[in-house]
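K.L.:
So the sequence lines, in the order shown, correspond to chains A and B. Sequential numbering from 0 applies to the first sequence in numbering that gives the first Met the number 0. Sequential numbering from 0 applies to the second sequence in numbering that gives the first Met the number 0.
Heads up, none of these hints are tricks.
Result set (SDA-like, lysine to any residue): computed pairs, CA atoms no more than 25 Å apart in a straight line:
no.	chain 1	residue 1	chain 2	residue 2
1	B	K148	A	G252
2	B	K148	A	V158
3	A	K156	A	M250
4	A	K172	B	M83
5	A	K172	B	F100
6	B	K148	B	G125
7	B	K148	B	E128
8	B	K148	A	W178
9	A	K172	B	K130
10	A	K248	A	V206
11	B	K261	B	L198
12	A	K172	B	V88
13	A	K156	B	F100
14	A	K156	A	L87
15	A	K172	B	S90
16	B	K148	A	L182
17	B	K261	B	A182
18	A	K156	B	H151
19	B	K148	A	E164
20	A	K156	B	Q101
21	B	K130	A	L258
22	B	K130	A	T171
23	B	K261	B	W199
In case anyone wonders, no lab produced these hints; they're calculated from the structure. The structure displayed is predicted, hence computed values, not measured ones.
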Amino acid sequence: MSRLRQVLLALPLPFVLIGLWQVGVTQQWELPLDIRMANVPTPLAVLNRLRDFAFGGVIDDAFSGTFATHLWASASRVLTGFTWAALLAVPTGVAMGRSRLVSSAVEPTISLLRPVPVTAWVPLVLIVIGLGSRATVVLVFLACVYPILLNTIAGVKAVPPRLMEAADMLGTKPVARLWRVVLPAALPSILTGMRVALGFGWVIVVVGETVGVTTGFGSVIIEAQQTSKTDLIVAGMAFIGLAGFATDKAMTGLIRVALRDRPLL
Amino acid sequence: MGAPHSETVVSTRVSEPSCATTALSAVYLDGVGKSYGALEALRSVSLSISRGEFVCIVGASGCGKSTLLRMIAGFEEPTTGTLMVDGQVVSGPGPDRGVVFQDYGLFPWLTVAGNIAYGPRRRGIGRAEVKAVVERFCGVVGLAAFADKYPHELSGGMQQRVAIARVLANGSGVLLMDEPFGALDALTRSSMQAELHQLWGELNSTILFVTHSVEEAVYLADRVVVMTGGPRHDTPGHIGATVAIDLKHPRDPTSAAFNARKRELLAAIEAEPTVASTPG
Numbered sequence: 000m001s002r003l004r005q006v007l008l009a010l011p012l013p014f015v016l017i018g019l020w021q022v023g024v025t026q027q028w029e030l031p032l033d034i035r036m037a038n039v040p041t042p043l044a045v046l047n048r049l050r051d052f053a054f055g056g057v058i059d060d061a062f063s064g065t066f067a068t069h070l071w072a073s074a075s076r077v078l079t080g081f082t083w084a085a086l087l088a089v090p091t092g093v094a095m096g097r098s099r100l101v102s103s104a105v106e107p108t109i110s111l112l113r114p115v116p117v118t119a120w121v122p123l124v125l126i127v128i129g130l131g132s133r134a135t136v137v138l139v140f141l142a143c144v145y146p147i148l149l150n151t152i153a154g155v156k157a158v159p160p161r162l163m164e165a166a167d168m169l170g171t172k173p174v175a176r177l178w179r180v181v182l183p184a185a186l187p188s189i190l191t192g193m194r195v196a197l198g199f200g201w202v203i204v205v206v207g208e209t210v211g212v213t214t215g216f217g218s219v220i221i222e223a224q225q226t227s228k229t230d231l232i233v234a235g236m237a238f239i240g241l242a243g244f245a246t247d248k249a250m251t252g253l254i255r256v257a258l259r260d261r262p263l264l
Numbered sequence: 000m001g002a003p004h005s006e007t008v009v010s011t012r013v014s015e016p017s018c019a020t021t022a023l024s025a026v027y028l029d030g031v032g033k034s035y036g037a038l039e040a041l042r043s044v045s046l047s048i049s050r051g052e053f054v055c056i057v058g059a060s061g062c063g064k065s066t067l068l069r070m071i072a073g074f075e076e077p078t079t080g081t082l083m084v085d086g087q088v089v090s091g092p093g094p095d096r097g098v099v100f101q102d103y104g105l106f107p108w109l110t111v112a113g114n115i116a117y118g119p120r121r122r123g124i125g126r127a128e129v130k131a132v133v134e135r136f137c138g139v140v141g142l143a144a145f146a147d148k149y150p151h152e153l154s155g156g157m158q159q160r161v162a163i164a165r166v167l168a169n170g171s172g173v174l175l176m177d178e179p180f181g182a183l184d185a186l187t188r189s190s191m192q193a194e195l196h197q198l199w200g201e202l203n204s205t206i207l208f209v210t211h212s213v214e215e216a217v218y219l220a221d222r223v224v225v226m227t228g229g230p231r232h233d234t235p236g237h238i239g240a241t242v243a244i245d246l247k248h249p250r251d252p253t254s255a256a257f258n259a260r261k262r263e264l265l266a267a268i269e270a271e272p273t274v275a276s277t278p279g
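The task is simple: from the sequences and hints, build the whole structure.
P.N.:
Have a look at this one:
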C-alpha cells in the first residue's frame, strides 16, 4: 500500500515536465538565460530517436541500431579504468591504513595531487597518450582511484582494535589478521568507495569520449552536436543516465550479496 | 615479596602465593608491575590462581584491574615481574586464555555459529568436528535457535552469551572476563551471573573476572582480590586485600552473611591505599 503511494506520488512530476517540455517547444518559449526552446527537440522526436538508436528502423542513419556498440564501448572503458584503479587503490589504501610509515610516505603526495580535477588532466593525457580509447581509460582510472583509495584508508583505520584483540586471543596468526579481520571489517567502506568511483567513472568516460574516438556515448552526443541532431543528443544523454543508473544498481546489488544482512560498521 | 595488607581486613585473608604454588597455578603473578612511560600504573602484584578457581578482581576505576587482566591475556607486557599461565611465561595472546570483553568483540560479519566456529577453525579442526563443537556450545549458552543470526540481530545479553561460547568452544582453560556484564541491564545481568556460575561448575574452567560491582564479586567468586591505588590516590595500583568468600551456592544476595562479605569488601576498597612495596 505504501509502495503504491510512493509510485503515485512520484508519477505526476515527470508527466508535468514532459508536458511543459512539449508546450515549450511548440510555443517556441524564450526562457531566461537565453534558453530558446525552439532549438530543443520535442519529446516525441526524442522517443523516436531512442527507439531508432536502440533497434533501428525509424530514422535510418549512421546511428540506427548502434546502441549496443556504444554501450559496450563506454562500459568497457569504465570497467577497465575502474578495475585498474581498484587494483592499485585497494592494496595501497590497506597499506596506508595499517602502516603509519607508509601513510607518512605517501599521504602528502596524494593530498597534493588530489585537488587537480580529472577534467584538468584531459589536455595533458591527450598529448601524452594520444587520441583514442586508451586516453579515456586513463581518465576514468584517475577519476576512480581517489574515492576507492580514501574509502579504503578510512575503512582500514576504523577497524576496531577490539576485533584485533578478539582475533588474537582466539588464535589468529599475525599474518592472517589481514584476511581474517582487516579486510572483512573494512569491506563495507571499500565497496562504498567503489560505488562512488563507478559513478565518477561514468561522468568522466563521457568527457574522455568527446575527443578522438568514434564509439561510446560521449562520441555520439558530440557527433550529434556537430550535425545538429538535437534529438540524438537528448537520446544519448538519456542512455548515459540509464547506464550509470544500471551500473550503480548492479553495484549496490553486489554489495548486498557480499555483505548479506550484516550491519555496515 | 608481596604487598603489605591493609589492616582493615583480618578475618578471611588468604595467604600470599609462594613459589611452591607455581606449578599448580593456572595463573601465577609474582611482583608484576606496569608503567606507561613515567606513569606507574601497577606495582608489585603477586597473585596465584588455582585451576578451577573463580576469582573476582574489584576496585575503583583507575586502580589497574583491567590492565592486570590485559597483561594476563597477553595484550600488554608487564614492565616488571613474572607472569605465568599453566606454568608458561605469557608472551602474547593465545587460545589457552579466552577473553570476554565488556563490549563483546564479536565479528559482525560472522553469524553466531561463525563466531563460535572461529577459534576451532583457526586450530585446523575438521569440518564435522567444528560443526559438533558449534552445536554443543550454542546449546550450552542457550542460543541453538539463533545460530544463523548475526550479532547485531541479538540483544546485549545474547551477544555476551555468544562471546562466552566462543572462548569455551576454543577450549580455553582460563577465562579472563573484563566487566563482561557491565553493559547489561540489571535483570539480564543477574540471570547471566547465575548462568555463568553454573557453566563454571559444569566445565571446570578457571575464571578471572574483573568487575566494579562488589555484589557481583561476592555472588560469583571463591576469592575476591581488592585492588586499590591509581592516579586518584597518587600511588600505583596494587592488591589491597584478598578476601575468601566461603558461602555456599546458590548465594542469596539478601542474606546477612552475604551482606557481611559485601561490607568487608567495601571497607577494603575504601581503605586508604598503603604505599606498595618497591619492585624487587
